[in-house]
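Novice: Residue-level listing of the chains:
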Amino acid sequence: MPAAQLADLIKRRELSVPEAVKAQLDAISLREPVYKSFITVTAEEALDEAVKVQERVDNGELADSPLAGVPVAVKDNICVKGIRTTCASRILEDYIPSYDAGAVERLKAAGAIIIGKTNLDEFAMGGTTKTSYFGTSKNPWDPERSPGGSSGGSAAAVAAEEAFAALGSDTGGSIRQPASYCGVVGFKPTYGTVSRYGLVPFAASLDQIGPLARNVTDCVSVLEVISGHDPNDPTSAGQERFDYRTALTDDVRGMRIGIPKLYLNEDLDNDVRQCFMKAAETFKSLGATVDLMDLDEIRYSVQAYYVISCAEAISNLARYDGVRYGHLSGDYEYLEAIYKKSRGEGFGYEVKRRIMLGAYVLSSGNYEAYYNKARKIRGIISRAYDEAFKKYDILISPGSHCTAPLLNGDTSGRKYQTAVFNSSVNLAGLPAVSIPCGKDGNGLPAGLQIIGPRFGERAIIRAAYTFEKTRPYERPKGLLIKHNPDAKTRAVQSDGL
Amino acid sequence: MKLSIEDIGAISDIIKVSLTYEEEIKLLGDLNRLLEYIDEMHEQDTEGMDPVSNYYVVPRIIRE
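Protein sequences, first through last, are from chains L and H.
With my numbering as the guide, the letters of the first sequence map in order to residues 312 to 808.
With my numbering as the guide, the letters of the second sequence map in order to residues 6 to 69.
Think of the hints as simulated: they come from the structure by calculation, not from any bench.
Hints should not be assumed to be uniformly reliable.
[Unchecked claim] Taking CB as the label site, the calculated pair distances span: (1) Asn581/L - Pro56/H: 34 to 40 Å; (2) Pro344/L - Pro56/H: 48 to 54 Å; (3) Asp50/H - Tyr636/L: 23 to 29 Å; (4) Lys31/H - Asp337/L: 39 to 45 Å; (5) Met6/H - Asp337/L: 53 to 59 Å.
[Stated by the list, open to error] Derived list of chain L stretches under chain H, where covered just means 3 residues or more per stretch with a C-beta under 8 Å from a C-beta of chain H: (6) 572–583; (7) 653–664; (8) 688–699.
[Said to hold, decoys possible] The calculated BS3-like cross-link candidates involving lysine-lysine, where the alpha carbons are at most 30 Å apart (straight line), are: (9) Lys419/L - Lys589/L; (10) Lys322/L - Lys392/L; (11) Lys322/L - Lys363/L; (12) Lys31/H - Lys441/L; (13) Lys441/L - Lys21/H; (14) Lys788/L - Lys702/L; (15) Lys780/L - Lys750/L; (16) Lys7/H - Lys441/L; (17) Lys7/H - Lys31/H.
Just so it is clear, CB atoms sit at the ideal spot from N, CA and C, and this is done for glycine as well.
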């Protein structure tokens with residue numbers, strides 16, 4: 312059942328919030344042993360909160376909220392007050408924030424219930440969720456496969472129906488790629504739309520929080536709730552509120568859609584390429600114009616992304632020194648050893664790899680050749696997209712190179728889990744969504760990415776909503792279902808959407 | 006190879022992260038491969054351009 316429908320049932324008093332939360336927790340206890348989407352399930356807190364939200368529903372306070380009583384999961388690099396926030400790292404294993412992130416505050420104000428903190432790649436660095444200190448999550452379409460990353464736990468939780476929606480974060484594709492792998496909708500908004508206050512930073516000029524859900528409408532509802540100016544985040548855009556739900560219109564006639572040729576030159580799986588070309592044909596048949604176009608300036612996006620994100624990361628991760636909070640090594644004899652040993656023991660290999668690169672590119676002698684070079688390329692990329700959006704309303708691409716890879720296999724020869732069409736979007740600060748668009752020969756979902764101009768979410772939403780009407784949501788085959796005799800519980804556990 | 010094992014040790018001192026011997030060896034290979042890939046971006050002509058941190062100028066918020 313879509314979140315919108317659940318909220319409706321709750322507001323019409325046909326279902327109580329405690330009943331909905333209890334049913335969701337039942338589904339989690341059934342499926343978690345297999346999919347491991349969560350680092351922390353906040354069962355007690357959710358049930359307590361359910362009682363309070365029910366009061367707010369009863370006195371009419373949440374009459375306009377699209378998320379009243381809806382269980383939502385939050386990626387474990389986003390602070391929730393009083394709940395362990397680990398960033399999937401040993402160094403923050405026991406860290407408990409004393410405040411809610413801006414986006415979480417807004418979810419709570421809208422009556423959503425935080426049901427748990429989802430798994431991720433350590434400090435959001437990765438594309439498989441395998442680098443998590445707490446073990447990897449499994450793809451609900453095939454538990455032998457990765458759900459993607461770094462918001463793998465969020466995507467898995469939504470696809471496995473362990474939450475109606477989830478918050479993820481996207482620095483180089485970390486919402487869109489797992490959404491593709493898990494067959495759900497994942498939205499990265501324009502940089503500055505959603506407050507980064509409370510998002511543990513990886514690369515401050517690239518990070519953005521965004522929603523994942525099983526359909527475009529729910530995703531857009533969450534986006535509308537969490538977006539808007541936050542005085543606690545100096546990079547937050549000035550607009551108080553964004554109106555997205557009115558963009559949910561089913562009409563793309565006359566829409567000008569571009570496909571950069573460089574996107575197609577990426578090393579794509581054949582099935583992914585086929586699904587993507589079919590999606591382009593679908594847009595044509597719905598009345599849009601679709602053209603191939605040149606966008607050569609984005610050729611070195613992945614390289615520039617690595618340099619910039621790793622450079623920013625070393626600054627953002629410098630605070631984990633074993634002193635203020637976090638893991639403190641027992642093995643030291645002098646001050647510097649506290650830092651080195653605590654960080655050495657606390658960080659995983661991938662984190663170390665990235666911050667080593669960051670230190671290298673920022674060192675004198677390399678600063679100009681690497682860091683400044685990458686930032687100049689960033690300017691080129693941003694300007695190129697600006698030019699492209701003068702001629703096109705949206706650009707489309709596959710959501711990822713391939714479908715979900717095997718957890719135990721090699722990464723099918725692809726060394727860098729982000730693609731040109733993922734990382735360039737973050738470098739330019741643009742919005743983009745990934746929606747399911749087909750399946751490969753193994754029955755695994757493939758995603759379609761729709762990119763818009765800065766603050767052009769409405770165009771993306773219109774295109775995504777229209778496309779979705781041609782391909783309604785499909786739940787993963789083989790998802791564990793327990794047939795519950797209680798009709799209300801069954802309804803929440805989505806006995807068929 | 007751009008980086009030597011001594012470089013790995015020096016960088017890990019800068020970032021204050023202790024590394025095991027196995028990690029140092031692995032990083033030597035990984036970072037050199039990564040740098041080879043990143044070096045491709047030098048083919049892009051950026052003559053006369055300014056570095057950009059955030060292309061879209063966000064007005065600085067100042068306390069009153």
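Novice: Does each hint hold? Answer for all of them.
Specialist: Okay, the hints, checked on the actual structure:
no., hint, in the structure
1, Asn581/L - Pro56/H: 34 to 40 Å, "holds (39 Å)"
2, Pro344/L - Pro56/H: 48 to 54 Å, "holds (49 Å)"
3, Asp50/H - Tyr636/L: 23 to 29 Å, "violated (45 Å)"
4, Lys31/H - Asp337/L: 39 to 45 Å, "holds (43 Å)"
5, Met6/H - Asp337/L: 53 to 59 Å, "holds (56 Å)"
6, 572–583, "violated (count 0)"
7, 653–664, "holds (count 7)"
8, 688–699, "holds (count 6)"
9, Lys419/L - Lys589/L, "violated (40 Å)"
10, Lys322/L - Lys392/L, "holds (27 Å)"
11, Lys322/L - Lys363/L, "holds (14 Å)"
12, Lys31/H - Lys441/L, "holds (18 Å)"
13, Lys441/L - Lys21/H, "holds (25 Å)"
14, Lys788/L - Lys702/L, "violated (41 Å)"
15, Lys780/L - Lys750/L, "holds (17 Å)"
16, Lys7/H - Lys441/L, "holds (29 Å)"
17, Lys7/H - Lys31/H, "holds (15 Å)"
When the structure is compared with the earlier hints, violations turn up for hints 3, 6, 9 and 14 and for no others.
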